[in-house]
Amino acid sequence: MKSNSRNLYLIPYIIWIGLFVVTPILLVLYYSFFDIEGHFTIDNYKKFFTPVYLKMIFNSFWYAFLITLFSLIIAYPTAYLLTKTKHKQLWLLLIILPSWINLLLKAYAFIGIFGTYGAANSFLEVMGIGSKQLLFTDFSFIFVSVYIFLPFMILPIFNALDELNPSLIDASNDLGASPWTTFRRVIFPLTLDGVKSGCQVVFIPALSLFMLTRLIAGNRVITLGTAIEQHFLVTQDWGMGSTIAVFLIIAMVLIMVLTGKRKRGIL
Amino acid sequence: MTNNTIIRFEQVTKQYDDDPPVLKEVSFEIERGKFYTLLGPSGCGKTTILRLIAGFVEPSLGKVIINGKVVNDVPANKRQVNTVFQDYALFPHLNVFENVAFGLRIKKMKNNEVDQKVKEALRFVNLEGYENREIREMSGGQRQRVAIARAIVNEPEVILLDEPLSALDLKLRTEMQYELRELQRRLGITFIFVTHDQEEALAMSDEIFVLNNGKIEQSGTPTDIYDEPINRFVADFIGESNIVPGVMIKDLSVQFAGKTFDCVDGGLNPNEAVEIVIRPEDLEITKPDLGKLRVRVDTQLFRGVHYEISCYDQDGNEWLVHSTKKARVGEEIGLHFDPEAIHVMRHGETEEEFDKRLEAYEEGNYEK
Ligand SMILES: Nc1ncnc2c1ncn2[C@@H]1O[C@H](COP(=O)(O)OP(=O)(O)O)[C@@H](O)[C@H]1O
Ligand SMILES: [Mg+2]
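Note that the protein sequences, when read in sequence, are chains A and B.
In terms of our numbering, the first sequence opens at residue 1 and continues consecutively.
In terms of our numbering, the second sequence opens at residue 1 and continues consecutively.
I should point out that these hints are in silico values taken from the structure, not numbers from a laboratory.
Glycine residues also receive a C-beta, built at the ideal position from the N, C-alpha and C atoms.
Do not rely on the hints blindly, as some may be mistaken.
Stated by the list, open to error - Just some of the chain A residues that point at chain B, by a computed CB distance under 10 angstroms: (1) S167; (2) L168; (3) I169; (4) D170; (5) L190.
Pulled out of the complex, with its shape left as it was, chain A reads as follows:
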């Protein structure tokens, strides 16, 4: 009786998950076995393992890795300083705020800033360095991506640091550890879960970035995300697009499993 009525509550969720999670994945899987004329085939998968696509896979992973790395390098100290400020929740909100603005809007803003006559180049001229090609470079692509993903990296790290019992830091000092040793032996290991979730929420979307690659990197950077977009919208080769998507889904699941949270801590 009891478990029956409890199961009733689950029905809306099951319908939701079925409609919006399971069905799309199955559809993508289904489409990946058809060529552009609608014949059943496994050629898509064969094509996927040719140098063209392997290069794309490598590119995607490499740029996602760089974006994650730089986000982490900037986010960790930022989050740490945030937890030390007096109105930390307010500061956090201010940092999170830009992530609510539409991604395209931010991309266009950067086109303006990095353009030949943009603010960045005016600044370089004033500094006597002279104007440079900024837009459509790896630098600008990674810079803008890091800017966009930064809040998602800061948030989990901030939470992990904020939850850290301050008396553990006292205890470490008390036992003779310098601030740096305390960071290495206590603070970092205990906020590793936050770092991991931060890396997950940056790396996985970064893997399939596509609009930025065109707007900021000028299609010089072709990632799997760009390829999916091109196949669905330009070449109309849904089969190939789906194959790449299947690969991305598998990659994401693998990343989630590998960086998944281990049980730790008291209680």
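Add chain B with the ligands to chain A, keeping to what the hints say.
For chain B with the ligands alone, coordinates are given in the frame of chain A:
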């Protein structure tokens, strides 16, 4: 200051931001090898004193002196002091062995030496064989021992313990009181123990500092403080007591509850208004005519070892009696007490003034 002094506070004031000071010009001395207790209600500044000694915070004014050196600016990791934290603060990502080894590893001690010292420390706290346990697998009492082992393994000169027993249940707590005291004797290290439980303080300490509102109200051995509370706060906080207003007629004679009694105090001004303390266990129930006071029983509670009887005299003063004899509610009884049971407290007298008066009074007596 004697050679034996290890820690000294000189007029230490601690203030956070613009809040009123948490500690107000606190001065005291701690001697080597003794068991000290800081006793006081929650929020009175006990933890702050420990944090000042450990070096987690700096005094706003005054000096903290360890081993003859002013250490106001010395960071915590450079002080020969270890702390057992109120919440134990064990590192959840390290197992029992590595928690205890933490301080030794910082000192870059060789592995086999670390191994030996950690095992020895764990043996000291009866946790042999628990080396590879995770902290979350340990019970509250065991965690507390790990925290103690983590402190003693560094062989500090002073160990600070911040209410280490408050999270334990009563039985374990009593057990740990014995163990801690025994441990301190075996190690011969100075312990500074914080508690808000007066029974714990009386049972464990060589010396007690009674704190209230950022000030030391009284310091002394447990018997000193119990027998000679200096003011109403201390009398109330340490054990239960009957406190009534009175007048010091002359030396050795005091008036309260409408009668004059012999007492053992002196050195006060004639006819000075004072407060009288009599401990409930010093009151004896007798027949109404035989007692020094005549009271009516209001309520009676059985407390296991004794009855706690609340009575009122004609003036409306409440008298709490601890007695193994039973009384009847509503019955009129007599209360008997010895002159030694009467303790006279002067209004607003500080500890220094109290000591001075006692000295002067005794000297005066010798001259006579
Ligand atoms: N970091 C701090 N900032 C501001 N006030 C504090 C801080 N630490 C302690 N206090 C205040 O100091 C007072 C004494 O605290 P504490 O020493 O912890 O008391 P106890 O340990 O005796 O309960 C309390 O009123 C507390 O609110
Ligand atoms: Mg405290």
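Tested hints:
{"no.": "1", "hint": "S167", "result": "4 angstroms, holds"}
{"no.": "2", "hint": "L168", "result": "5 angstroms, holds"}
{"no.": "3", "hint": "I169", "result": "9 angstroms, holds"}
{"no.": "4", "hint": "D170", "result": "5 angstroms, holds"}
{"no.": "5", "hint": "L190", "result": "6 angstroms, holds"}
Checked against the numbered hints given earlier, this structure breaks none of them.
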